[in-house]
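One line per chain: the protein sequences are G and W, in this order.
Residue 154 in our numbering sits at position 154 of the first sequence, and the numbers go up by one each step.
Residue 106 in our numbering sits at position 106 of the second sequence, and the numbers go up by one each step.
Hints may contain errors.
Since the list gives no way to pick out one identical chain from another, each pair is judged satisfied if it fits inside one copy or across any two copies.
To be verified - Computed list of lysine-lysine pairs in DSS-like fashion (alpha-carbon distance at most 27 Å, straight line):
id	residue 1	residue 2
1	Lys37	Lys137
2	Lys51	Lys137
3	Lys61	Lys37
4	Lys128	Lys48
5	Lys137	Lys48
6	Lys61	Lys128
7	Lys128	Lys37
Source of the hints: derived by calculation from the structure; they are not laboratory data.
All of these numbers come straight from a predicted model, not from anything done at the bench.
2 protein chains.
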Amino acid sequence: MHITPTAAGVRPRVAGDREGEILEGVLDVLEDVGYDKLTFDLVAAQVKASKATLYRRWPTKADLVLGAIALVKLCPGDDDVPPDTGTLRGDMHALACTDGELTSRLPDLMTAVIPALHRDTELTERFKESFVAPRQKMIGDILHRAQQRGEVAARADLELLAAIVPALAMHHTFVRGQGPTEAYMRGVIDDVLLPACQAALNT
Amino acid sequence: MHITPTAAGVRPRVAGDREGEILEGVLDVLEDVGYDKLTFDLVAAQVKASKATLYRRWPTKADLVLGAIALVKLCPGDDDVPPDTGTLRGDMHALACTDGELTSRLPDLMTAVIPALHRDTELTERFKESFVAPRQKMIGDILHRAQQRGEVAARADLELLAAIVPALAMHHTFVRGQGPTEAYMRGVIDDVLLPACQAALNT
Numbered sequence: 001m002h003i004t005p006t007a008a009g010v011r012p013r014v015a016g017d018r019e020g021e022i023l024e025g026v027l028d029v030l031e032d033v034g035y036d037k038l039t040f041d042l043v044a045a046q047v048k049a050s051k052a053t054l055y056r057r058w059p060t061k062a063d064l065v066l067g068a069i070a071l072v073k074l075c076p077g078d079d080d081v082p083p084d085t086g087t088l089r090g091d092m093h094a095l096a097c098t099d100g101e102l103t104s105r106l107p108d109l110m111t112a113v114i115p116a117l118h119r120d121t122e123l124t125e126r127f128k129e130s131f132v133a134p135r136q137k138m139i140g141d142i143l144h145r146a147q148q149r150g151e152v153a154a155r156a157d158l159e160l161l162a163a164i165v166p167a168l169a170m171h172h173t174f175v176r177g178q179g180p181t182e183a184y185m186r187g188v189i190d191d192v193l194l195p196a197c198q199a200a201l202n203t
Numbered sequence: 001m002h003i004t005p006t007a008a009g010v011r012p013r014v015a016g017d018r019e020g021e022i023l024e025g026v027l028d029v030l031e032d033v034g035y036d037k038l039t040f041d042l043v044a045a046q047v048k049a050s051k052a053t054l055y056r057r058w059p060t061k062a063d064l065v066l067g068a069i070a071l072v073k074l075c076p077g078d079d080d081v082p083p084d085t086g087t088l089r090g091d092m093h094a095l096a097c098t099d100g101e102l103t104s105r106l107p108d109l110m111t112a113v114i115p116a117l118h119r120d121t122e123l124t125e126r127f128k129e130s131f132v133a134p135r136q137k138m139i140g141d142i143l144h145r146a147q148q149r150g151e152v153a154a155r156a157d158l159e160l161l162a163a164i165v166p167a168l169a170m171h172h173t174f175v176r177g178q179g180p181t182e183a184y185m186r187g188v189i190d191d192v193l194l195p196a197c198q199a200a201l202n203t
């Protein structure tokens with residue numbers, strides 16, 4: 001196991017690559033059995049770590065699962081800064097492509113976590129805070145900049161417009177049983193989002 | 001318990017109002033504990049019926065749950081015939097309003113059933129067949145008629161357009177934790193679906 005260098009008397013902590021490995025293992029367990037049936041025992045067996053190691057870094061199951069989901073959300077060079085290509089279409093295509101790569105596991109995770117959200121208020125709030133809100137903010141930022149450039153009408157409902165791409169991606173996943181392709185996402189942007197933005201502009 | 005009249009030697013069956021009562025009870029249990037934890041014992045206790053009574057009519061848990069979901073889908077005078085008001089906007093508003101009334105329990109049910117869909121292939125297929133497909137077909141029929149009237153371009157992707165309203169309704173439910181209002185659905189139709197249909201018309 002990889003451990004960080006520690007001062008005398010300080011317990012070793014899970015860090016760096018090993019943390020990533022463990023959270024990958026959490027994703028595997030989550031996709032396999034769902035949130036309700038995920039236990040520290042299952043994760044410990046999956047990643048060949050002691051439960052004590054897990055508990056030190058992630059005191060609760062919610063911590064563990066949200067940590068794993070955060071891992072999926074991140075990708076190299078992304079770091080939550082939305083694309084800025086100069087056009088709404090360019091920004092959204094850049095985001096959807098990025099999303100396509102980094103969130104290939106997202107559909108399975110959503111179906112694994114959503115039922116728990118339904119019954120666990122604390123998890124729901126933390127999930128929205130750490131996962132839904134940053135994504136919404138990123139698309140919201142893109143739409144806001146587009147609005148300032150005159151690509152979206154001042155009176156448009158940005159919250160509704162911001163929901164279009166994630167909503168259709170989620171729906172596609174549920175209906176087809178697999179995440180959307182990049183081509184599908186481009187169709188959603190070009191044939192649904194942009195017309196909705198332009199319609200708001202013309203009225 | 002209501003039972004149907006039976007010939008001598010034939011076991012009484014669950015029927016009519018009592019069937020509806022039982023399926024309502026299934027919905028209650030489903031919303032409460034989710035699909036995975038729903039058992040014939042819990043349902044029997046909820047509806048004050050014997051498990052034998054339940055098994056005779058619904059041999060498996062999937063039968064019971066899909067029966068209950070079918071109940072929610074139906075409403076008086078609806079019976080799976082899409083509205084036909086003469087305009088796309090009129091049809092979709094009629095459908096969304098109808099949906100708003102008849103599917104107030106739908107969001108909770110979706111979150112209760114979706115995790116099971118993730119792990120149960122047979123349930124997934126039957127769910128799509130009995131629940132997703134008829135709804136998609138209804139919106140598809142409306143869009144097809146609109147296309148014939150010239151309200152939607154011949155080259156438009158009807159499948160993508162048909163997904164807009166259910167996708168945003170589902171997304172709203174997950175993000176806000178409650179089903180969409182009628183006003184929200186009208187916004188989705190007027191500000192997203194119709195512009196997407198009209199954009200396809202002009203290109």
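Lys51 and Lys137: within-copy, between-copy, both or neither at 27 Å Cα: Neither. Shortest intra-copy (35 Å) and inter-copy (50 Å) distances fail the 27 Å Cα cut-off.
Within a copy, between copies, both or neither: where do Lys128 and Lys48 come within 27 Å Cα-Cα? neither (30 Å within a copy, 38 Å between copies)
Copy assignment of Lys128 with Lys37, given that the CA separation must stay at most 27 Å: Both, since 21 Å and 25 Å are each at most 27 Å.
Are the CA atoms of Lys37 and Lys137 at most 27 Å apart within a copy, between copies, both, or neither? neither (31 Å within a copy, 35 Å between copies)
Please work out whether the CA atoms of Lys61 and Lys37 approach to 27 Å or closer within one copy, between two copies, in both situations, or in neither? both (11 Å within a copy, 19 Å between copies)
Between Lys137 and Lys48, at a C-alpha cutoff of 27 Å, which is it: within one copy, between copies, both, or neither? neither (37 Å within a copy, 48 Å between copies)
One pair to classify: Lys61 and Lys128, alpha carbons no more than 27 Å apart. Within, between, both, or neither? Answer is within; shortest intra-copy Cα gap is 16 Å, inter-copy 32 Å.
Consistency with the previously given hints fails for numbers 1, 2, 4 and 5, ordered from lowest to highest.
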